[in-house]
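Peer 1: Take a look at the letters that make up each chain.
Protein chains: 2
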Amino acid sequence: MDAALPKRQRIKQQNRQFILDGARKVFAEQGYGAATVRDIIRATPLAAGTFYNYFTSKEDVREALNAEMADALRPRLAEGRAEAATAEEFLSAFFSSVFALKAETGTGLEAVDLRAGFEDLRADLENAAQRGVFPPLDAGALAAALLAAADEMARRLARDGGDAAEATAAATLLFLRGVQPPL
Amino acid sequence: MDAALPKRQRIKQQNRQFILDGARKVFAEQGYGAATVRDIIRATPLAAGTFYNYFTSKEDVREALNAEMADALRPRLAEGRAEAATAEEFLSAFFSSVFALKAETGTGLEAVDLRAGFEDLRADLENAAQRGVFPPLDAGALAAALLAAADEMARRLARDGGDAAEATAAATLLFLRGVQPPL
DNA sequence: AGCTAAAGTTGACCATCCGTCATGGAACTG
DNA sequence: CAGTTCCATGACGGATGGTCAACTTTAGCT
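If you read the protein sequences in the order shown, they are chains A and B.
Start counting the first sequence at 1; every next residue gets the next number (this note's numbering).
Start counting the second sequence at 1; every next residue gets the next number (this note's numbering).
Be aware that a few hints might be false.
The list treats identical chains as one, so a pair stands whether inside a single copy or across any two.
Listed next, the in silico DMTMM-like pairs over lysine to aspartate or glutamate satisfying Cα-Cα at most 25 Å (straight line) [claimed, not checked]:
1) K12 - D39
2) K7 - E83
3) K58 - E68
4) K7 - D138
The hints are simulated quantities; they were obtained by calculation from the structure and are not laboratory data.
Please build the complete structure, drawing on both the sequences and the hints.
Peer 2: This is the structure in structure tokens:
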């Protein structure tokens, strides 16, 4: 025995992780839709009933998996925003990290649900506004618009192929100056 | 017999509609996730096997239902854009119709998938750009960003409550001038 | 009309899935 | 070490998904 924790809790953590790992693999191999709770259980040394001691459904696992991933990715996603001295820097950092992140995650979970980063972005926006980087604005609405737009643009980028740097520049300009012609 | 169509085809259309109608009701009552193919069949005078002559899965029905709805809504969604004389008018018309539409559809299908209107918007944007309403731009990327942002902002609007007119003005301004302070 | 081939519907069927629960054994308590 | 709590196990009842042989109806032809 080499654990600092009581055995009960250690096993509990381990089992939970068994399920999450199994689910990650199953989702990656078959896709979320085709996967079944039984498949997840089979990818695990556990019995059927045990699964339901930890999660209530496939969707439940999905959420936990997404939260786990979002947690791991959060710092990377927020990279460069806190230090941004201008609105342009801020936006550029934002789009750039979203595009980079979406491009690589072929994890099977059809990608991270960016909305997990909503609060972070909102907070960073408010913070930046207070530093005078942005004019005062509705940080919630802007964060929502930015995330949704970035997500969809990233999807297009991944599908049609295209240069991430170029897309970052275009997206930054769009949100910086709107659809007006560049002066 | 009073049909202009051969009986075979008439029944085929009818059965297809039986399924779509049943599915719409079932989705509205139980939600898409909880609904089962069997539930749909039960909401229909048809037998189990027949279902699979028309659709291959619940998801397949969902798509058909969504397409049906998108078709019906398309004209309303595009309202006012073709006549817009300025970028501001165009954007305002766009956001206004999206917000109005999303606010009312409590159809059960958790709302229309706006991406169905993507091509329309893209075409309208290119058209407007050629009329000089917009500067030349990547209509595809802009359409994607606009739709995604509008969709998410509409969701927030519905959730938190809020004035649609106000939101329309804010969204229009955001995409018209970007995050710069209003002059 | 009468008859045949094609088209399409039916509902029972099998494999599988879901979620539960009584049983049993391992870990904590004192 | 005995008592208690906690939890994993795996079989079970009920339901689902998708298939398919048998049957019914329509379209086409003579």
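Peer 1: Does each hint fit the structure? Answer for all of them.
Peer 2: Right, here's what the structure says about each hint:
1. K12 - D39: within (21 Å within a copy, 37 Å between copies)
2. K7 - E83: Classified as neither: same-chain Cα gap 44 Å, cross-chain 71 Å, threshold 25 Å.
3. K58 - E68: within (15 Å within a copy, 29 Å between copies)
4. K7 - D138: This pair counts as neither: shortest intra-copy Cα distance 49 Å, inter-copy 59 Å.
Checked against the numbered hints above, the structure breaks hints 2, 4 and satisfies the rest.
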